[in-house]
Amino acid sequence: MSSDAVVLETVGLAKRFRSRWALRDCTLSIPTGRVAALVGPNGAGKSTLLRIAAGLTRPSEGTVRVLGDVPATCDVMQRVGYLDQDLPLLDGFRVREMLRFAELTNPTWDMETATRYITQLDIPLDVRVESLSGGQRAQVALTLCLAKQPELLLLDEPAAALDPVAREDLLRLLMQQVADHGTSVVLSTHALGDVVAICDYVVILCNARVVLSDDIDFILESHRFFTGLSHDGTALPAGVTVIDEQRTTRGTTFLVRVELPVDEERWQLQRPTLDEVVLAYLRSGVAGARHAQSSGERDSNGERR
Amino acid sequence: MNDYRPGIHFRLDSRSGIAPYRQLVDQVRQAVESGQLRGGDQLPSVREVVTQITINPNTVHRAYRELEHQGIAEGRLGLGTFITPRAGDVTAASSRHTVVADLKQWTEQARELGLSEDEMIELLRRLLNRDERVSS
Amino acid sequence: MTWTAWRQQRAQYLAFTLVALLLAAWMFITGHHEQMAWSRYLAAPCHGGDGFPASDNLLCVTQQSALSQSWFGSSLVSYTTLAFVPLFGLVLGATAVAHDLQNKTVRLVLTQSQSRTRWLASKLLVNAGALVVVLVPLSLVSSWWIRAAHYAPRLASKAFPLAGPVGVTYALFGFALAVAFGLVLRRVGWTLAVGLVLVAALLLNFPNQVRPNLVSHDVASVSSTRVTKGSASGFYSSGGPPATALSLSSAYEAEGTKDVPSPSSMKAAATEMMQCEHQESFPSCESKLKMVMVQIYIPDSEFWTLQALEGLIYLALATLLSAGALVGVRRVRA
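Residue numbers (the numbering used here), protein chains in the order written: chain A, 19 to 323; chain B, 191 to 326; chain C, 3 to 336.
Just chain A, with the same shape it has in the complex:
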C-alpha cells in the first residue's frame, strides 16, 4: 500500500435526520497507518460519521470512500471492523457462540487469535454474554472486530462506559493489534484525555462540521500561543489565523494557526499542548470552522466561503 493511501475519505458529507443535520459539509481524508481520534462534544456527529463509514446508514449528501471503496460492499466489509457504542452482542449467546458467529460470517476470521485474546483476558468461553461485566463485554465485542484481521477499525466511543482499568485493558489490546498488524484505527471520543496517548491523528467535529483534521505532530508544530498582547489582535503578524482568544487583565492570549513563518525571537510564543489546541477549536466552534482549513488536507477545491 503506498504511503499516499487513504483509509477514510469524505467530501462534503452530510446527513440529515428529519429536521436536524447530524453532519454538514464534512470533508476529511485520513491517511493509512494512523490511530486517529475523532473528537467532539456529544451530538457533534461522530457516531453518524462512523456509521456511514461502516455502511450502516447512507449519507444525505456528499461522498464517502473507505479503503478506496464504497462502504457496505462485501469486499470492504471484510477489511473493516466496526464497534458500536452500545457494544451489541447477540442475546442468549455464549461467548464461544459469539466467536462461532464471527467465524461463520467472516472468511478471514482467525479463531486461534480470537480464542487467545479471550482466554488471556480471563473471560470464560461458556458464559452467556448477559453475564459479562461492562469491561468484559467491551473486550469480547472488540475481539469480534480484531480477529477478522481488518485493515481499518472504526470504533465508536469504545472506552466510554468503562472504568479506568477496563479502559486500559481495552486500549492495550487495541495497540497490540496495531503493533502486530499495522491496522489503521479511527476511534471517536468525547474525552480526548482518555486516548491521547495512543493517537497520532486528530479530527475535530463541532456542530456537525469538521473544524480540524491532521497529524498531531503537524498540529503541534503549526499552532502557537501569542501571549501578553493587546486585546484587539491587530498587533499579530500576517500569516496567522486566530483560533481562540483568552482575555486576562494583563492582556489577551491568542491561539493561532501559523501559515507563514513567524520570527520566533520577536514574539512571545508558547507551544500549546494537544488538549489546549483541541479545547480552543471546540470553544470557537463554528466560528473556527470558517478559518480552519487544515493545510494538511489536499483540498483541490481551494478556499471555502
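Watch out, some of these pointers could steer you wrong.
Computed list of chain B residues with no C-beta within reach of chain A, every gap over 10 Å [said to hold, decoys possible]: (1) Ile198; (2) Arg219; (3) Val240; (4) Gly270; (5) Thr274; (6) Pro275; (7) Arg276; (8) Asp279; (9) Thr281; (10) Ser285; (11) Arg286; (12) Thr288; (13) Trp296; (14) Gly304; (15) Leu313; (16) Arg315.
Lysine to aspartate or glutamate pairs mimicking EDC-like chemistry, simulated, CA-CA at most 16 Å apart [unchecked claim]: (17) C:Lys160 x C:Asp52; (18) C:Lys260 x C:Asp220; (19) C:Lys106 x A:Glu121; (20) C:Lys292 x C:Glu257; (21) C:Lys106 x A:Asp109; (22) B:Lys294 x B:Glu307.
These are calculated hints, taken from the structure and not from any lab test.
Treat the numbers as computed from the prediction; the structure is a model and nothing was measured.
Where is the CB? At the ideal position from N, CA and C, for every residue including glycine.
Assemble the complex: chain A is given as a structure, and chains B and C must be docked to it using the hints.
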C-alpha cells in the same frame, strides 16, 4: 522468566508538552548515561513496550529510529533493537554538545544584560575557583 | 449465516414445536375418542339415532350427549390450532427482523463480511423451512382428525384450513408480512400488532369473499312439502345438496333449468315469487309459476382445487412481501 534482559521500564507523561517519542528517546539516553543500559543490551520490542504502557506503536518505531539515527541503538533484522557499543560515547558527546550550547545561550543572555567579555570571564573564573576551594 | 439465524430464534422454534406437539397429541386423543363414540352411536341399537327401541332410550340419549360434549372439546382444539398456525408465522417473522433492529444488534450483524441481502435471505429460508417442517406434519394430523372427529364437512370455513395443507401457506404469509413490516416499523411489539390485525382481516374475510369465487358452483333443487300433524303444520324440505357440500345461498329459478342462476335472474325470480307472498298455499303457487327453489353450493369434489388455488394465492402474497423485503433491506438505516 526464561532469559534475563536488563530492562528499561518506559513511562509516559501525556500531560507534559514533550512529544511521546521524544520522552522515550530521552529515557533511553538517560538509561545509557547512568549505565542502566550498556552496549549490546536489547531494547524491548515494540510489542513489549505497547503491552507495558499502552502507547501507539508508531511512536515506539519513531523513537527507535531516532535512537538509530543518533547512533545509540541499532536494529538487527529478525532479532530486535540493541544498544550500540559506542552509545555511551554518543550520549556523552551530545551531553557535551548540550553543555556547549547552554553556554552559548548564557553568553548571549549575559551580553544582552550588558556584561562585557572581561566581566563574563571573571565570573567564570570565580565560579571555577569557588569550586576548587570547595573541593580542596 | 444459517446457523446464526437458527440459533437466534432457537427458543421460539422449541416453544412453538412443543405447542404443535401438544396440539397433535390433543387431536390424537380427542380424535380417537370421537371415533369410538361415533361408531358406538352408529352401531346397534342406537343406529345413529335413527329409531331405536324405548328400552334403550337412556343409553342412546347418554351416547348422544357424550358426543355433543366431546364436540365442544373439538371446537376448542380446532380453534386453538386455527389461531396457532398463522401466529407461529407472525411471531417468527417479528422476531427475525424487528428484534435485531429494535435492540441494535443489527449494527453487529450488518458489519460482518456479508451483504444485507444474504443476511435477510438466510433468515427467510431458515424460518420458512422451520414453518414447513413443523406445520406440514401438524396438518396431516389435523386432516385425519377432521374425519375421525366428524367435526364438520371439510369445505366448512372452520374445517377447511385444518383439512389440508393450506394452513402452512397462512403461516408463511404471516411470516413474510411480519418480516416486511418489521423492516419498516423496527419494533417487535408494533410489528406483531399490525401483523395480527392484517392477517386476521385477511384470514377471516377470505372464506366468504374470495374462496367461493375460485371454483364453479352447482345447484340442487329443494322441494318443500307441507306437513300437517294435528293442529301443527309446517314445511318439510327435502332434496338439496349433499351433506359434504358447502352451501352458499338459495334462490328461485324456472323449473327445468339446471344452471347456476346469475344475480340478475335471481333478482327477477325473486320479484316474480313475490306474487306468492300472501297465497294460502305456497307450494301450489310455486308449481303454478313453474318456479323451483334451488340451493347453490360447492361440491366436495372441488376440495383439492380450492386448497391448491388458495394456497397459491397466499404463497404469492408471501413471495411478493419477501421480495419487497429483500429489496428494501438495502435502504434500511441500521
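Status of the hints after comparison with the structure:
no.: 1; hint: Ile198; verdict: holds (18 Å)
no.: 2; hint: Arg219; verdict: holds (20 Å)
no.: 3; hint: Val240; verdict: violated (4 Å)
no.: 4; hint: Gly270; verdict: holds (14 Å)
no.: 5; hint: Thr274; verdict: holds (24 Å)
no.: 6; hint: Pro275; verdict: holds (28 Å)
no.: 7; hint: Arg276; verdict: holds (29 Å)
no.: 8; hint: Asp279; verdict: holds (30 Å)
no.: 9; hint: Thr281; verdict: holds (24 Å)
no.: 10; hint: Ser285; verdict: holds (24 Å)
no.: 11; hint: Arg286; verdict: holds (26 Å)
no.: 12; hint: Thr288; verdict: holds (20 Å)
no.: 13; hint: Trp296; verdict: holds (17 Å)
no.: 14; hint: Gly304; verdict: holds (19 Å)
no.: 15; hint: Leu313; verdict: holds (25 Å)
no.: 16; hint: Arg315; verdict: holds (31 Å)
no.: 17; hint: C:Lys160 x C:Asp52; verdict: violated (27 Å)
no.: 18; hint: C:Lys260 x C:Asp220; verdict: holds (9 Å)
no.: 19; hint: C:Lys106 x A:Glu121; verdict: violated (21 Å)
no.: 20; hint: C:Lys292 x C:Glu257; verdict: holds (5 Å)
no.: 21; hint: C:Lys106 x A:Asp109; verdict: holds (11 Å)
no.: 22; hint: B:Lys294 x B:Glu307; verdict: holds (13 Å)
Of the numbered hints listed earlier, those contradicted by the structure are 3, 17 and 19.
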